[in-house]
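Chains as they are written, first to last, in my numbering: chain A, 12 to 451; chain B, 9 to 392; chain C, 2 to 171.
Some clues are possibly wrong.
[What the hints assert, rightly or not] Cut-off 30 Å, straight-line C-alpha distance, at most; resulting in silico cross-link-like pairs (DSSO-like, lysine-lysine): (1) B:170 to B:54; (2) A:89 to B:52; (3) B:54 to A:437; (4) A:50 to B:208; (5) A:50 to B:166; (6) A:89 to B:170; (7) B:54 to C:167.
[Said to hold, decoys possible] Distance windows between CB atoms, simulated: (8) B:196 to A:319: 35 to 45 Å; (9) A:385 to C:168: 14 to 24 Å; (10) C:101 to A:368: 51 to 61 Å; (11) A:309 to B:57: 42 to 52 Å; (12) C:22 to A:368: 33 to 43 Å; (13) C:22 to A:83: 55 to 65 Å; (14) A:326 to C:135: 51 to 61 Å.
Because the hints were derived from the structure by calculation, they are not lab data.
C-beta atoms are modelled at their ideal positions from N, C-alpha and C, and glycine is treated no differently.
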Amino acid sequence: MGHLIPPSIMPFVLPVLYAVVIVAVLPLLAGYIVLMERKVMADMQARLGPMRVGPHGLLQPIADAVKLLLKEDIIPDKADRLMFWFAPLVSVTMALLAYSALAIGPAFQIADLNIGLLFILAISSLGIYGIVLGGWASNSHYSLLGALRSAAQLVSYETAAGLGLISVLLLAGSLSMKDIVQAQLDQGVWFGFSVPFGFFIYLVGSIAETNRAPFDLPEAESELVAGYMTEYSGFRWSLYFLAEYANMIIVAGIATTLFLGGWLRPGARYHEHIPGTGIEWLDALPALLTLGVALYSLKLAPTQPVKIQKIVMVLVAVLCLGVACVLAGALFAPPAVMQGIHGAFWFMAKVFAYIYAFLWIRFTFPRYRFDQLMRLGWRFLIPLALVNVIGVGVAIVLRQQFAWGPIVSLIPTTLATLGVAMLLAKDDAPVAEAQTAAGE
Amino acid sequence: MSDERTTKTISGMDSVNTTVLGADEIILNMGPQHPSTHGVLRVKLKLDGERVAGSECIIGYLHRGVEKIAEHRSYQQFAPYVDRMDYVAAVSNGLGYCEAVEKLLGTEAPPRARVVRTILTELQRIASHLLWLGTHALDIGALTPVFYCFREREEILKIFEKYCGARLTTHAFRIGGLQYETYDGFEEDTKRFCNDFAHKIDEYETLLTENRIWVGRTKGVGILNAADAIALGVTGPVLRASGVKWDLRRAQPYAAYDQYEFDIPTRETGDTYDRYVVRMEEMRQSRRICLQAVENIPTGPIMARIGKVLKPPPGEVYHSIEAPKGELGYYIVSDGTTQPYRVRVRPPSFINLQAFDKMAKGALIADVVAIIGTIDIVLGEVDR
Amino acid sequence: MQTLNQALFIFFAVLAVASAILMVTRRNIVHGAVFLITTLLSTAGIFLLLQAEFLFIVQVILYVGGIMVLFVFVIMLVNLDVSMRQVQFNRQWFVAGALALVLAGQFLFAIWVGRGALRLPAMASEISPKNTEAVADALFSHYMLPFEIASILLLVAMIGAVVMAKRRAG
Numbered sequence: 012m013g014h015l016i017p018p019s020i021m022p023f024v025l026p027v028l029y030a031v032v033i034v035a036v037l038p039l040l041a042g043y044i045v046l047m048e049r050k051v052m053a054d055m056q057a058r059l060g061p062m063r064v065g066p067h068g069l070l071q072p073i074a075d076a077v078k079l080l081l082k083e084d085i086i087p088d089k090a091d092r093l094m095f096w097f098a099p100l101v102s103v104t105m106a107l108l109a110y111s112a113l114a115i116g117p118a119f120q121i122a123d124l125n126i127g128l129l130f131i132l133a134i135s136s137l138g139i140y141g142i143v144l145g146g147w148a149s150n151s152h153y154s155l156l157g158a159l160r161s162a163a164q165l166v167s168y169e170t171a172a173g174l175g176l177i178s179v180l181l182l183a184g185s186l187s188m189k190d191i192v193q194a195q196l197d198q199g200v201w202f203g204f205s206v207p208f209g210f211f212i213y214l215v216g217s218i219a220e221t222n223r224a225p226f227d228l229p230e231a232e233s234e235l236v237a238g239y240m241t242e243y244s245g246f247r248w249s250l251y252f253l254a255e256y257a258n259m260i261i262v263a264g265i266a267t268t269l270f271l272g273g274w275l276r277p278g279a280r281y282h283e284h285i286p287g288t289g290i291e292w293l294d295a296l297p298a299l300l301t302l303g304v305a306l307y308s309l310k311l312a313p314t315q316p317v318k319i320q321k322i323v324m325v326l327v328a329v330l331c332l333g334v335a336c337v338l339a340g341a342l343f344a345p346p347a348v349m350q351g352i353h354g355a356f357w358f359m360a361k362v363f364a365y366i367y368a369f370l371w372i373r374f375t376f377p378r379y380r381f382d383q384l385m386r387l388g389w390r391f392l393i394p395l396a397l398v399n400v401i402g403v404g405v406a407i408v409l410r411q412q413f414a415w416g417p418i419v420s421l422i423p424t425t426l427a428t429l430g431v432a433m434l435l436a437k438d439d440a441p442v443a444e445a446q447t448a449a450g451e
Numbered sequence: 009m010s011d012e013r014t015t016k017t018i019s020g021m022d023s024v025n026t027t028v029l030g031a032d033e034i035i036l037n038m039g040p041q042h043p044s045t046h047g048v049l050r051v052k053l054k055l056d057g058e059r060v061a062g063s064e065c066i067i068g069y070l071h072r073g074v075e076k077i078a079e080h081r082s083y084q085q086f087a088p089y090v091d092r093m094d095y096v097a098a099v100s101n102g103l104g105y106c107e108a109v110e111k112l113l114g115t116e117a118p119p120r121a122r123v124v125r126t127i128l129t130e131l132q133r134i135a136s137h138l139l140w141l142g143t144h145a146l147d148i149g150a151l152t153p154v155f156y157c158f159r160e161r162e163e164i165l166k167i168f169e170k171y172c173g174a175r176l177t178t179h180a181f182r183i184g185g186l187q188y189e190t191y192d193g194f195e196e197d198t199k200r201f202c203n204d205f206a207h208k209i210d211e212y213e214t215l216l217t218e219n220r221i222w223v224g225r226t227k228g229v230g231i232l233n234a235a236d237a238i239a240l241g242v243t244g245p246v247l248r249a250s251g252v253k254w255d256l257r258r259a260q261p262y263a264a265y266d267q268y269e270f271d272i273p274t275r276e277t278g279d280t281y282d283r284y285v286v287r288m289e290e291m292r293q294s295r296r297i298c299l300q301a302v303e304n305i306p307t308g309p310i311m312a313r314i315g316k317v318l319k320p321p322p323g324e325v326y327h328s329i330e331a332p333k334g335e336l337g338y339y340i341v342s343d344g345t346t347q348p349y350r351v352r353v354r355p356p357s358f359i360n361l362q363a364f365d366k367m368a369k370g371a372l373i374a375d376v377v378a379i380i381g382t383i384d385i386v387l388g389e390v391d392r
Numbered sequence: 002m003q004t005l006n007q008a009l010f011i012f013f014a015v016l017a018v019a020s021a022i023l024m025v026t027r028r029n030i031v032h033g034a035v036f037l038i039t040t041l042l043s044t045a046g047i048f049l050l051l052q053a054e055f056l057f058i059v060q061v062i063l064y065v066g067g068i069m070v071l072f073v074f075v076i077m078l079v080n081l082d083v084s085m086r087q088v089q090f091n092r093q094w095f096v097a098g099a100l101a102l103v104l105a106g107q108f109l110f111a112i113w114v115g116r117g118a119l120r121l122p123a124m125a126s127e128i129s130p131k132n133t134e135a136v137a138d139a140l141f142s143h144y145m146l147p148f149e150i151a152s153i154l155l156l157v158a159m160i161g162a163v164v165m166a167k168r169r170a171g
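Work the whole structure out from these sequences, hints included.
Take a look at the structure:
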């Protein structure tokens, strides 16, 4: 096939293919994350969640998508029509563009930029314009307030999250996603364990950046109805929704790459083989896991109430079985292929674990108030992040001077940062002085 | 300017048309269609950035003329209407009305009826507070407690349903006593609920009471001091959170409250957090009352002998009870016919809402929803 | 490859100039801001074409992602109706025009005088792996003093802003 394509275009073929796959798959993925969110929420709230469309609501995202596409598209009378039309596009374009540097496994990456991480950060920070301009163009006070909150929040928390990331960059010595993962393999520890505070700061910062609870002030439904999305409906609204969930996957991907070892499987340096074969025990794990899911859904199939639901359940089982076969087959494939497939599996597993943490936090905590949000960002997270970065710098010097191991050298840093965190937390009394100060 | 209307609300915000806005100020209409105004309340906010510079509650979107309807119904016919005022505490409304008419007639319900009424009313108080807790937490952004609250409220509603067939607008009592005898297993159901409920309150408290965000969102928000609270006529948990130990169940005992031991929780500051703590404690006390009452329900008739056609002697009466939201009073004037000459309701939500402007001054938008939630209003009762 | 690069350059250059013109002529201040963003982004694109990835990122993160967000933030608070009704050119437009002409003349003169130095070195052929490091190296060794002076200037401006904001609030 290679000779059919002119050599000058050859380097673009694979990236373009990946890009098409991402653009095609992402809306579906986002839809299923919504379903996952609703199911997790239901589980935490002692109820069932979507159950009607498909078995256990498995087809709900598709029904929702169809509904959104068919809905009437309303543009408010006095809205700035051009901006109103343009804003959701900005959000969704930037969210999708950021994927180009995200490495899903060692093989699956559109472009391995040597500034990969900065590129993702820069592009995803442009998504804010969609929110700000959309909120402004709606010509509604709720939207405007949502947009204003969003802008202020993003600028504040990007600083904190960026400083959280810098601690890892210092350790990895590179901005390329692949090099960062490689550095974690070389040092034998995921950076999330060696710099827990960097991870913590990024976790909080990333929740705030993606406007998720408890930092979902730009769209706080009990205060601003739906914030910047108040006047949007139908397809435009779903674009915002897509952007939000795409951004969630992006921040989860960044956190996975930087703090959770990217596509490395747990115990990446532990090579115990199954006797008599060249297969490592841990490599068999993904296939066994998916096989388990397949068998479980097969077991559930007869208990479904309607025939069509039984069929769909069996289809799900077959799908899982297929994935299991691919994962198992990869074990016998050349190492590069096997790493690509298993890397993608572990990467996605970690991304979903991170998103699960997002959801868990969302359904547990009440919402911050705006002044409290700002105080948390500027008075707690940013000083903490600065201390952490300095500490990591010191740890690197320690490592070079005394040849301490990568974990040992960072323990003093972590302890010092913990001390500072406790100091800062004590200083930040939760009582709101705001109202009394300005009220009278 | 002088020829225009210059009425001012409590907060000093000029009325609608004469408001002059500063450079950074905007007017935000919160409601009547808004997720957290608990119905069709419209709050007109003058905002300086996110800070409330003035506010005005505009009510009446749910006005049904309940008091006027009373003038064209017989005393018994009007009883179901009161259920539809505070529709999340229908039992309490019914109790107030029935007792007021009984007072007008000069009779009293028999002891058994009074104890059963007490149990049901206290269960209703728990249900109402649960609804408040869930929605209040939801307004502040905690998405989960509301479902736990509804889970427990459901148990109470099931008891109501078994007792009188209705869950929400129960019309549980009749003038002179009860229409229905309690069902078999009423005591056990109530006991089971009360015993389970002790842990459930602790569960809510682990989610909220010491949560930094919750404390930050409620402490120091919407402070109402005791003097202001009394001056505004505020009653119920809102008043008690400001440090005034005033509870009609203790001050002017009705039904069977004089027989039971219970505490009246109070707090000092009168902020949103205090009101939260007071209501949580009230649920515990209601549970205590229920447990005491259900242990010892007297036997005997459930209806006083009052006849089928009620013709109270001419005169007037005011009777009030401690509804979940505060003092619920009925002022009834009789002209000796089968229909009341005038019924005037003193709804706690309506009067407590007057404190809103005072509480909201200088707060942020996020506090506004917290304050609306903490007053615990039901618009059916505010507008009647 | 060469033609593709050229096409991209022309695209970015035209976009940059066109949005710059649109930025100053739009009456709606938010539209103006959006066109400024487009200008900045297309300049960033030109940096990328020149293999200056770090500069590209700095341009996007700092100018577009940071400063312009704050710009838009402030602009949204402005009462639009007033600015829409204002006269776009006031009575002193010819003074400004004259000044602009003088400035343009100066630029042209400077370029003319220094045209010998305009011969740029050949573009780096491959993606240089040390891009970020090279920038850091230059900033922290060669241009240390100007860099520090610039930071102090920014610090002064920041303190000034804080002082002014405090005075207004108090």
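Quiz item: Which earlier hints turn out false for this structure, listed by number in ascending order?
Solution: 1, 3, 6, 11, 12, 13
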